[in-house]
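J.: Here is how the chains run, residue by residue.
There are 2 protein chains.
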Amino acid sequence: MKKLINTPSETLKDFLNGFAAAYASVIAIDRQGRFVRRAEIRRDKVAIISGGGSGHEPLHVGFVGIGMLDAACPGQIFTSPTPDQILAAHAAVAGEPGALFLVKNYEGDQMNFDMAIEMLDAPIAKVVIDDDAGGAVSARSIGRRGVAGTFVVEKIVGAAAEARLDLDGCRRLAERTVARTRSMGVALSSCTVPLAGRPTFTLAEDEMEIGVGIHGEPGRERLPLGTSRSVAELLVDATLRALDTPDGADVLLFVNGFGGSPPMELYCLYGDARAALERRGCRVVRSLVGTYVTSLEMAGASVTVTLLDEDLARFWDAPALTPAFVR
Amino acid sequence: MKKLINTPSETLKDFLNGFAAAYASVIAIDRQGRFVRRAEIRRDKVAIISGGGSGHEPLHVGFVGIGMLDAACPGQIFTSPTPDQILAAHAAVAGEPGALFLVKNYEGDQMNFDMAIEMLDAPIAKVVIDDDAGGAVSARSIGRRGVAGTFVVEKIVGAAAEARLDLDGCRRLAERTVARTRSMGVALSSCTVPLAGRPTFTLAEDEMEIGVGIHGEPGRERLPLGTSRSVAELLVDATLRALDTPDGADVLLFVNGFGGSPPMELYCLYGDARAALERRGCRVVRSLVGTYVTSLEMAGASVTVTLLDEDLARFWDAPALTPAFVR
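Those protein sequence lines, which keep their order, are chains S and E.
In this note's numbering, each residue's number is its place in the first sequence (first place is 1) plus 4.
In this note's numbering, each residue's number is its place in the second sequence (first place is 1) plus 4.
By construction, these hints were calculated from the structure, which means they are not laboratory data.
One or more of the hints may lead you astray.
One copy or two, it doesn't matter: identical chains are merged, so the pair holds either way.
Calculated cross-link-like contacts (lysine to any residue; reagent style SDA-like; alpha-carbon spacing at most 25 angstroms) [as the list claims (entries may be wrong)]:
{"no.": "1", "residue 1": "K6", "residue 2": "P203"}
{"no.": "2", "residue 1": "K17", "residue 2": "G37"}
{"no.": "3", "residue 1": "K17", "residue 2": "D34"}
{"no.": "4", "residue 1": "K130", "residue 2": "A167"}
{"no.": "5", "residue 1": "K130", "residue 2": "T83"}
{"no.": "6", "residue 1": "K17", "residue 2": "G147"}
{"no.": "7", "residue 1": "K6", "residue 2": "T83"}
{"no.": "8", "residue 1": "K6", "residue 2": "L238"}
{"no.": "9", "residue 1": "K17", "residue 2": "L325"}
{"no.": "10", "residue 1": "K130", "residue 2": "Q114"}
{"no.": "11", "residue 1": "K130", "residue 2": "A246"}
{"no.": "12", "residue 1": "K17", "residue 2": "A279"}
{"no.": "13", "residue 1": "K6", "residue 2": "E211"}
{"no.": "14", "residue 1": "K6", "residue 2": "F205"}
Based on the provided sequences and hints, a complete structural model is requested.
T.: Here's what the structure looks like:
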């Protein structure tokens, strides 16, 4: 296992310390490391709170700040945050307008956010993010998994809350964004969980895994390694089929790196995915290319497509100031 | 070779097409692909022009825009841009205040920018970027190589030109920034040049290369794989020794990923590098953590330290709007 870390069991603490020191002007970290919150708390708005296992950085902690998340709870690597983390984050940032929990569709995450909700006597809503069109059933998930589309939901709903949309409005907007967003990924290599010390799965030098999850969960199929063009076709095809896209739709195209694939390859895949979308009658009117939702150091990438409407485009375009995304 | 590309020989064209389509609101690409320029040309300021071999993305094309580069010339992978690319970029963006060429210290880059300068009858200056404290002599370089510190120079000098500093002022500021900036990198894996099809070098599972260049050039020494903490000590130590740092100096700390190392590891290394700097009496007053200057998909990272002064800090803090860096 080749990683720039110290003791595997201390990885979460170590990276959070570095992260918090680097971005002290935008975020603050709870003393016990239970959550990251925006530096200037605003209790006159709906608090947008997310969280999940670590190992997906910059998701979620990198998107705490103005116009995105008010707080994020980082679990151990690939492990859900605990209910007390969620309660502490809620206490730190939520005010009278209430709080919206954005939760990726994994059993542990859902359970722990639900437990926190049961213990809270305050206006709260929860929206489940399940954008993965990969579709293979996994032990960790109930139905579709939550993957890179989570970024899109956090950006759009975070901007709406910043614009003082109320709790019910934020919840409905989040649900609409989730319903209009689908993702599909490809892995060229596995990741290695630090405490495990060996790759989660293996791929031969001439193989790729289509439909892989962001924890190295099995995908839809294992295929001979393709070109950027053929991979883009597969990913765009699966994504659009999961979306029921009208012809001529205005879409956001988000090409996300899984951690081990460099910008040059992501730009290449973006170009091919865009061409594939245009051949299918879509108009790509918004774009994002970069490493936002990782699976540790896994090589590979995902394509996320969001069917835009006026609100979604407006909130996507709104300013944001967070450690890992600035607009 | 596992990469999200198409035909190896077409990689430059393919990724530039995707890049240009994704960022059409900020940059424009020359029809023949010779250069990328900012979308809105401003000929009333010093034009800041850079370029070099591709494979280091987002450097340089990702930093074209408001407050950084006016144009960048991408060569083939790890290959210098040609003089005619540089001339075309100059013609596209330079006005009466002149142009400043920021050129990393590689023989081919220096030669081709110098040839372009000889052919131009216009106010021009060139500043050589040679921030690499790695120090090992390489066939490709004369003296210290230009590596991740290039980002720092492009950010600071780009902001100064945007503020209408004149050509001589921009040149002197660039020289001062270079003199006050040193970098040192570590590789955990090699990169693979697409046309070569196999790794540039090999490292055993328990080895790392300290002082590596951004083309996989040999470093200072090959050591047993260390922890983030021990690596940070080595990199910070070499960087500061190359800088002649006064005690209590205010510094910028930039931890840069080489392409295959994910944000989680970079945050971890940042925390350890910051602690190492503080133990040596430095005050880390500005920070940057991310993947900005890559060596294709090489795993590893570099530490860059810039001794700040009032001007450097002010121009570092100034706004920028480019594909890969927004402030």
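J.: Give a verdict on every hint.
T.: Quick rundown of the hints versus the structure:
Proximity of K6 to P203 under the C-alpha cut-off of 25 angstroms is found in both arrangements, the shortest distances being 11 angstroms within a copy and 17 angstroms between copies. For the identical chains of this complex, K17 and G37 are intra-copy neighbours only, at 7 angstroms inside a copy versus 45 angstroms across copies, given an alpha-carbon limit of 25 angstroms. Taking the closest pair of Cα atoms, K17 and D34 come within 25 angstroms of each other only inside a single copy of the chain (12 angstroms); across copies the shortest separation is 47 angstroms, beyond that limit. Taking the shortest Cα distances, K130 and A167 sit within 25 angstroms of each other inside one copy (19 angstroms), while across copies they are farther apart (47 angstroms).
Taking CA atoms no more than 25 angstroms apart as the test, K130 paired with T83 passes inside one copy only; the shortest distance there is 19 angstroms, against 52 angstroms between copies. Neither within a single protomer nor between protomers do K17 and G147 lie at most 25 angstroms apart by alpha-carbon distance, with minima of 31 angstroms and 40 angstroms respectively. Taking the shortest Cα distances, K6 and T83 sit within 25 angstroms of each other inside one copy (21 angstroms), while across copies they are farther apart (29 angstroms). When the C-alpha separation of K6 and L238 is checked against a cutoff of 25 angstroms, the pair qualifies only between copies, where the shortest distance is 17 angstroms, while the shortest distance within a copy is 31 angstroms.
In this assembly of identical chains, the alpha carbons of K17 and L325 lie at most 25 angstroms apart only when taken from the same copy (24 angstroms versus 33 angstroms across copies). Only within a single protomer do K130 and Q114 lie at most 25 angstroms apart by alpha-carbon distance; the minimum there is 9 angstroms, versus 57 angstroms between protomers. Proximity of K130 and A246 under a CA criterion of 25 angstroms is satisfied intra-copy only: 23 angstroms inside one chain copy versus 53 angstroms between copies. Taking the shortest alpha-carbon separations for K17 and A279, only the inter-copy value of 15 angstroms comes in at or below 25 angstroms, while the best intra-copy value is 42 angstroms.
Proximity of K6 to E211 under the C-alpha cut-off of 25 angstroms is found in both arrangements, the shortest distances being 22 angstroms within a copy and 9 angstroms between copies. Taking the shortest Cα distances, K6 and F205 sit within 25 angstroms of each other both inside one copy (16 angstroms) and across copies (16 angstroms).
When the structure is compared with the earlier hints, a violation turns up for hint 6 alone.
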